[in-house]
Amino acid sequence: NAGVTQTPKFQVLKTGQSMTLQCAQDMNHNSMYWYRQDPGMGLRLIYYSASEGTTDKGEVPNGYNVSRLNKREFSLRLESAAPSQTSVYFCASSPSSGAGGQIFQYFGAGTRLSVL
Amino acid sequence: AQSVTQPDIHITVSEGASLELRCNYSYGATPYLFWYVQSPGQGLQLLLKYFSGDTLVQGIKGFEAEFKRSQSSFNLRKPSVHWSDAAEYFCAAYNFNKFYFGSGTKLNVKP
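If you read the sequences in order, they're chains A and B.
If you want this note's numbering, it's the 1-based position in the first sequence plus 463.
If you want this note's numbering, it's the 1-based position in the second sequence plus 646.
These aren't lab readings, by the way, just hints derived from the structure by calculation.
In this text the structure is predicted, and so the values were computed from the model without any measurement.
Any given hint could be a false lead.
With a straight-line cut-off of 25 Å between C-alpha atoms, the simulated BS3-like cross-links for lysine-lysine are [as the list claims (entries may be wrong)]:
id, chain 1, residue 1, chain 2, residue 2
1, A, K534, A, K477
2, A, K534, B, K744
3, A, K520, B, K707
Beyond 10 Å from chain B on every Cβ pair, some chain A residues (computed) [as the list claims (entries may be wrong)]:
id, residue
4, T470
5, S494
6, L506
Now the stretches of chain A that chain B is said to cover, found in silico as 3 or more residues with beta-carbon under 8 Å [said to hold, decoys possible]:
id, region
7, 472-484
8, 523-533
Glycine included, each C-beta is placed from N, C-alpha and C at the ideal position.
With the sequences and hints as input, model every part of the structure.
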């Protein structure tokens, strides 16, 4: 059981290049999330998908797009990378977006992105 | 605005000493509350969570947290810290499909 798998683990881009960060979970979770982590700022939500077929903006969506390809996969795309997008990106999944004891998250190991 | 605050950026404790990490939240109603731990180069791991009921919740690795509604706090505690507890700790709250994270507290453990 791999949990949440993120690829790639490391990436260096030049300003203006595009790339897609991949995330897949094998726990049959309904909800998936993309965060960025910057020093001293905790995790900030970029986009989330409460269920297959839906996506919503989080706190810092500008410069990003997402696709919930199916229940397992949730990708994050940078169309034109900027140095301000240098960060560590985490994908997470959660069993449910509703109330109750199924509200918690599993995290991937992260993607370290540098934009030069 | 909804927010989670961790007032301590860095904390250093001696191995074997007790630990308390502070967390405050600002929401209209009681949100669901969590503590996560992040080791260097790793993702976040859930330590414990609070939804309702008993205000003292037990987690993994010997951690516990107490919810205090009157203080809007959810502080993490451990009676005796081990060197392997050195990591960064994040408090989080859940409300309306979203998780909100504090800025984190880095814990150093002195031998």
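Hint by hint, here is what the structure shows:
1. Using a Cα cut-off of 25 Å, the hinted pair K534 of chain A and K477 of chain A is violated, with the two alpha carbons roughly 32 Å apart.
2. Using a Cα cut-off of 25 Å, the hinted pair K534 of chain A and K744 of chain B holds, with the two alpha carbons roughly 18 Å apart.
3. A hinted pair counts as satisfied when its Cα atoms are at most 25 Å apart, and K520 of chain A with K707 of chain B does not qualify at roughly 34 Å.
4. Remark: the non-interface label on T470 of chain A is consistent with the geometry, its nearest Cβ contact in chain B lying 14 Å away (cut-off 10 Å).
5. A Cβ of chain B approaches the Cβ of S494 of chain A within 10 Å, the least distance being about 7 Å, so the stated non-interface status is violated.
6. Not every C-beta of chain B lies more than 10 Å from that of L506 of chain A, the closest at about 4 Å, which undercuts listing it as non-interface.
7. Check result for the region 472-484 of chain A against chain B: violated, 0 residues qualifying (beta carbon to beta carbon below 8 Å, three or more required).
8. For the region 523-533 of chain A, the stated coverage by chain B is not satisfied: 0 residues place a CB nearer than 8 Å to a CB of that chain, which falls below the threshold of 3.
Violation of the numbered hints given earlier is confined to hints 1, 3, 5, 6, 7, 8; the remaining hints are satisfied by the structure.
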